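**Q** Next come the chains, spelled out residue by residue.
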Amino acid sequence: MRALHGLPSRARQVATLAAAVASVAGPVAARAQAAPPPVIAITGGTVYPVSGPKIEGGTVLIQGGNISAVGRNIPIPAGAERVDATGKWVTPGLINAATNLGLTEAGGPQFSGGYNDTRATGTKGIAAAFNAWEGLNPASTFIPMQRGDGITSVLVAPAGGLIGGRAAMVDLAGATVGAMVVRGPVAMVGAFDPTAGNLQSRGELIGTLRDLLTDARSFVARRAAIESNQTRPLSAPKADLEALQPVLNRTMPLAIAVDRASDITAVLALARQFNIRVALVGAAEAWQVAAEIAAARVPVMVGAMNNIPGSFNTLGMRQENAAMLKAAGVQVTLIGNGPGDGATFNARNIRQEAGNAVAYGMTWDDALRAITLAPAEAFGVGDRIGSLQPGRAANVVVWSGDPFEFETRAERVYIRGALQSGRSRQDELSERYRRLPPNFRTP
Amino acid sequence: MPAELDIELHTRSTHVRSHFIRARLVLAGLVLAVTAPVYAQQPAATPAAVPGRGGVSQPLADPFPSTYQPASSRPTVIRNVNIFTSAGPLVRNGSILVQNGKVTAVGASVTAPADAIAIDGSGKYVTPGLIDTHSHLGVYPSPGTAAHQDGNEMVNPVTAHVWAEHSVWPQDPQFPRVLAGGTTTIQVLPGSGNLIGGRSVVLKVAPSRSVQGMKFPGAKYGLKMACGENPKRVYATRGPATRMGNVAGYRAAWIAAEQYRRRWDKWNADRQGDPPARDLGNETLAEVLRGNILVQNHCYQADEMMQMIDIAKEFGYQIRSFHHGVEAYKIADVLAREGISGSLWSDWGGFKMEALDATRANIGLVHAAGARAIVHSDDASYSQRMNQEAAKALAAARAVGLTISDEDAIRWITINAAWALGLEDRIGSLEPGKNADFVLWSGNPLSVYARAEKVWIDGVMLYDRLDPRQQWRTDFELGYVTSTGGSR
Chain G
6 MRALHGLPSR ARQVATLAAA VASVAGPVAA RAQAAPPPVI AITGGTVYPV SGPKIEGGTV
66 LIQGGNISAV GRNIPIPAGA ERVDATGKWV TPGLINAATN LGLTEAGGPQ FSGGYNDTRA
126 TGTKGIAAAF NAWEGLNPAS TFIPMQRGDG ITSVLVAPAG GLIGGRAAMV DLAGATVGAM
186 VVRGPVAMVG AFDPTAGNLQ SRGELIGTLR DLLTDARSFV ARRAAIESNQ TRPLSAPKAD
246 LEALQPVLNR TMPLAIAVDR ASDITAVLAL ARQFNIRVAL VGAAEAWQVA AEIAAARVPV
306 MVGAMNNIPG SFNTLGMRQE NAAMLKAAGV QVTLIGNGPG DGATFNARNI RQEAGNAVAY
366 GMTWDDALRA ITLAPAEAFG VGDRIGSLQP GRAANVVVWS GDPFEFETRA ERVYIRGALQ
426 SGRSRQDELS ERYRRLPPNF RTP
Chain W
153 MPAELDIELH TRSTHVRSHF IRARLVLAGL VLAVTAPVYA QQPAATPAAV PGRGGVSQPL
213 ADPFPSTYQP ASSRPTVIRN VNIFTSAGPL VRNGSILVQN GKVTAVGASV TAPADAIAID
273 GSGKYVTPGL IDTHSHLGVY PSPGTAAHQD GNEMVNPVTA HVWAEHSVWP QDPQFPRVLA
333 GGTTTIQVLP GSGNLIGGRS VVLKVAPSRS VQGMKFPGAK YGLKMACGEN PKRVYATRGP
393 ATRMGNVAGY RAAWIAAEQY RRRWDKWNAD RQGDPPARDL GNETLAEVLR GNILVQNHCY
453 QADEMMQMID IAKEFGYQIR SFHHGVEAYK IADVLAREGI SGSLWSDWGG FKMEALDATR
513 ANIGLVHAAG ARAIVHSDDA SYSQRMNQEA AKALAAARAV GLTISDEDAI RWITINAAWA
573 LGLEDRIGSL EPGKNADFVL WSGNPLSVYA RAEKVWIDGV MLYDRLDPRQ QWRTDFELGY
633 VTSTGGSR
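Protein chains in written order, with the numbering used here: chain G, 6 to 448; chain W, 153 to 640.
Since the hints were derived computationally from the structure, they do not count as laboratory data. In this text, all values refer to a predicted model and were calculated from it rather than measured experimentally. The beta-carbon is built from N, C-alpha and C at its ideal position, and this holds for glycine as well. There may be inaccurate statements among the hints.
What the hints assert, rightly or not - Pulled from the structure, derived: some chain W residues nowhere near chain G, Cβ distances all over 12 Å:
no., residue
1, 213
2, 225
3, 362
Unchecked claim - To give an idea of the interface, some chain G residues facing chain W are shown, with a C-beta separation under 10 Å as derived from the structure:
no., residue
4, 311
5, 312
6, 313
7, 317
8, 345
9, 349
10, 360
11, 363
12, 411
13, 430
14, 434
15, 437
16, 438
17, 448
Could you build the full structure based on these sequences and the hints that come with them?
**A** Written out as C-alpha cells, the structure is:
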C-alpha cells in the first residue's frame, strides 16, 4: 500500500532521537513509533470531523493507516491502542495549500536550490512542464517543525513565472518524495502579473495567456505536425503545451496568483473562454468581486493577516477578505499572507491565519474547514485528506485546546495512522541552551 | 579631560531639563512658544566665536525639533476592565483614569471627575500602548514602489551622516494600520545594508503633515549598526566583503569619531580659535560616544554579538539593544550581565544562513536569563500584531518548560521596549504620571481573537474600531478604495 510505504525508516530515526531526549521533549516528541499499530482508538475528545458536526466525547478509530470509524459509541476492537483524548480537541491534520516547503533551506538558491524552473524567469515566463515537488528534500529540517504545529500536508508549489509549473499535495511524513506524495500534480500554478513574464502590460499578459492556451488546445489535434516542426512558431515548447492538457480538459485547476479586482474579473473571463477551472491565489481584492467569484464556483486561497496596500494591485487588501468571500458563498482556503516566510519556515502559522480570520468575521467552523477540507477539495484530494471520515487517511491531530490559540499544543500528530515526531532542529538548539552543558559555558 | 566631561554632563542635564519643561507646558495646554529652539540652551559663548548654528557641532543639537502636540482631551475612565499595567500584576475588573494626557490612577476603583468620558470595559483588557523598537514605516512605505525605497543609503558602508527621519513619508498608509493594532510608539531605523546605517528616529504613530509632527518629543536618537551578511553582501565587490572586513570597518569609523569628539568637546569648552570642521557622520558617532545616542545593533549570530560587545568596550559606548538576535538565547547570560536588551522575533528564521539557528524559545530564554527581552517587528504586518507575537513567544517558552507570566509577555511589547528607546520613564507602563498611551482590547490580548478596539496616545483617542470616523486614513488612500471597504 503506497500510503504506508517509506514511513518506518524515518519514523524510527526520529524515535531514536526522541528517546534520547525523552525527559525534556515536548509532548509530540517522545512517542514516535517504528510502525503504526494495526488499530488505534482516540477516545473521549471533542472531535471536529469537518465533514460533519462536532462530536463531544467522540472516538476516532484508525486501522491500517486509515480512519475506519468516527462517532460516539464506536465499538473498539480488542487489542486496539487506546489514546485518551478527554478534554482535548481532535481535528484532521492541517493543510497549508501554499508552500515551497522542502525545496530549499536557509533562504534560497545560494544555499540549497531554488523554487522554480529557469524558464519561469525567461522571456515569457512559461514553464508549465516543471514539477516543483520532484526536488523536494524529505530530510529538510523545516518539515518536523511544521508537523509539530499540527500541519500534516502541504501543497508544494513552484514560485515565480507566468506559468510556473505544477504543484503536488504531499503528506509531511516519508523518507522519499514518492512516499510523501498524496497526489501530484494537482494544479498548474501561475501568476497574473506582467512582471512574471517580463511583459509590458496587462493587455500583453492576457494575450500571452490566450495564445498559450490556444496553442495548447491545438496540441492534441496537431501533435504530429508539432512533433515534426511543421507548424508556425508556438508560444511554448511541446512539453509545456502537453503539460497544460489536464488544465484544458478540466481535470486540473490553474491556480493563479491574482490580486486586483479587475484582474480577477479578467481571469474569470479567461476561464470562461477556455472552459478551464481556475483557483484564485492571494486574491487581495476578491471581496470586491465576491458575487462574481461565487457565481463562477471558483475556489479562492487567501490569507487573513494582511491589510497593507503593498502594491498598486493590492490597494483594497483587508483582513475581512476571507470572511466576506465565505459569506458570499465562495469556497475559501486560508493560506499564509502574514509576515515571516509563511511558505517555508513558518508554514506552521496557518493556524494563526485561521484565528485571525475568525477575529475578522469568519466562523470558527469555516476557518477550520479553510485549512483542512477546503484545500483538500480545491486540489482534488478531498477523498484522501482534510476530514475525519471512514476511508480517509488517518491524518489526525490531538490538540490541548483550541488549535487556533497560541497556547494550544499539538499533543499527538498522526500521519497515515503513524504517530509523528514534531521534534525539530530548533527544539534541539533550545534544549542545548536551556541547560547549558559545561562545554558550552565559556561565552 | 575632566573639563570635557563636565561640559558633557552640563549640556546633557540642561537638555533633559528643557524637555521636561516643554512636556509640562504641553500638558498644561500652554503650547505657545514651547518649540523654542534648543540652541537657546547651549552654553553661552561670545557671539563672534559662533559662526552660526549650522556651522558648529554641538552635543544634543536638535535642528529638526519635534512639533508634536497632542490635541486637548477630556478625562477618560475605563471601568470593569482587566489591566495589564506592565508595572505589576494584572488588575482584574479594575479601572484606569487618564487626565491631561497622563495616567492619573489605576486600581480596583478610581474616582473620576464628573466630566470624564466613562467607558465600560467589561470582559475587555487594557494594556499600555505597544512599542515597536524596529520599524521601517515611512522609510519603506507602501506601496513599495522604487520611488519610495528610502530606507537604505547603500552607497558607502558607513553612512552615519544620514537620518532616517529625512526619509519618512508621513502619508505612508502603514501608519494607521499599525496604530489600529495598538502600536503607539515606533523606532524607525535605516536599513541594514550598511555597517553603520545612520540615525533612527522615535515616532508617535499619530497623523501629521510632517515627520517633525510625529517625532516623540525629547526621545534620544538611535544609531543603526548592522553585523553579518547584509553589509558584506552589499559591498562584496568593494569591501567589506567578509566579516573581518565588517569589524575593521566599525573600528575605523569609531577611531575617527573619537578623534572628532575630542576635538569638538575641547572647542566647545574653550571656544579658542577656529572651530574644527563639522562632519555629520562623525557628529552622530561622537554623540554615541557621549552617551547621547543609543546604539541599536542589527546582529543575528551569538559570536558576532560577542564581538560587537568588545568593540563597544574598546571605544567606550554602550549597546542598548541587539536587533533580530536570533541567536541571543546562546548568550542570554552575557546580555543580562552587560545590560543589553534583545529586540527579537517570536518565530522568524531560516531565511538566510545567519538566521538558521532561530528558535521560538529565543525570547523566553533571554527573559529567563534576566536580560530585557523585547518583541520587535521589522515588518509593517507584524507590527500590527505585536500582542500575538508575544503570545507565540510565551507559548514557546512554556513549551520548553520556562515559567513566565502573562504579565511578563506583555512587558516584552511595552516597558522593555520603552527601555530600549530610553523612554521607560515616559511610556511603556500604566502608572500615575506616565503618558496616557493605552489600548482597549476586545479580549485578552494574548488570545488570537482579541482586537484592539480603541487606541489612545497622550490621552487622545486616535483609533476606534467601532467608529469609522475615528479611523485615520492617509492622503494616499483617499479615492483608491471606496468606503464600502469599511473598517480594516
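**Q** Each hint should be assessed against the structure and marked as holding or not.
**A** Against the structure, the hints come out as follows:
Every beta carbon of chain G lies more than 12 Å from that of residue 213(W), the smallest distance being close to 36 Å; the non-interface claim holds. Non-interface call for residue 225(W) relative to chain G: holds, since the shortest CB-CB distance, roughly 27 Å, exceeds 12 Å. Against the 12 Å criterion, residue 362(W) stays outside the reach of chain G, whose nearest CB is about 22 Å from its own CB. Hint status for residue 311(G) relative to chain W: holds, with the closest Cβ pair at about 6 Å, below 10 Å.
With 10 Å as the threshold, the beta carbon of residue 312(G) comes within range of chain W, its nearest partner Cβ sitting at about 5 Å, so the hint holds. The closest approach between the C-beta of residue 313(G) and any C-beta of chain W is roughly 5 Å, which is under the 10 Å cut-off, so the hint is satisfied. For the restraint placing residue 317(G) at the interface with chain W, the shortest Cβ-Cβ distance is roughly 5 Å, inside the 10 Å limit, so the hint holds. This hint holds: residue 345(G) has a C-beta 4 Å from the nearest C-beta of chain W, less than the 10 Å allowed.
Interface hint status for residue 349(G): upheld, as the beta-carbon distance to the closest one in chain W is roughly 7 Å, under 10 Å. Interface hint at residue 360(G): satisfied, since its Cβ lies 3 Å from the closest Cβ of chain W, which is below the 10 Å cut-off. Below 10 Å, beta-carbon pairs count as interface contacts, and residue 363(G) has one with chain W at about 6 Å; its hint therefore holds. With a cut of 10 Å, the hint placing residue 411(G) at the interface with chain W holds, because the nearest CB-to-CB distance is about 4 Å.
The beta carbon of residue 430(G) is positioned within 10 Å of a beta carbon in chain W (closest approach about 8 Å), and the interface hint is therefore held. For residue 434(G), the shortest C-beta to C-beta distance to chain W is roughly 5 Å, which falls under 10 Å, so the interface hint holds. Checking residue 437(G) against chain W: minimum C-beta separation of about 9 Å stays under 10 Å; hint holds. Taking 10 Å as the C-beta cut-off, the interface hint given for residue 438(G) holds, the closest approach to chain W being about 5 Å.
Annotation: residue 448(G) was flagged as interfacial toward chain W, and the flag holds, the nearest CB pair being 5 Å apart, inside 10 Å.
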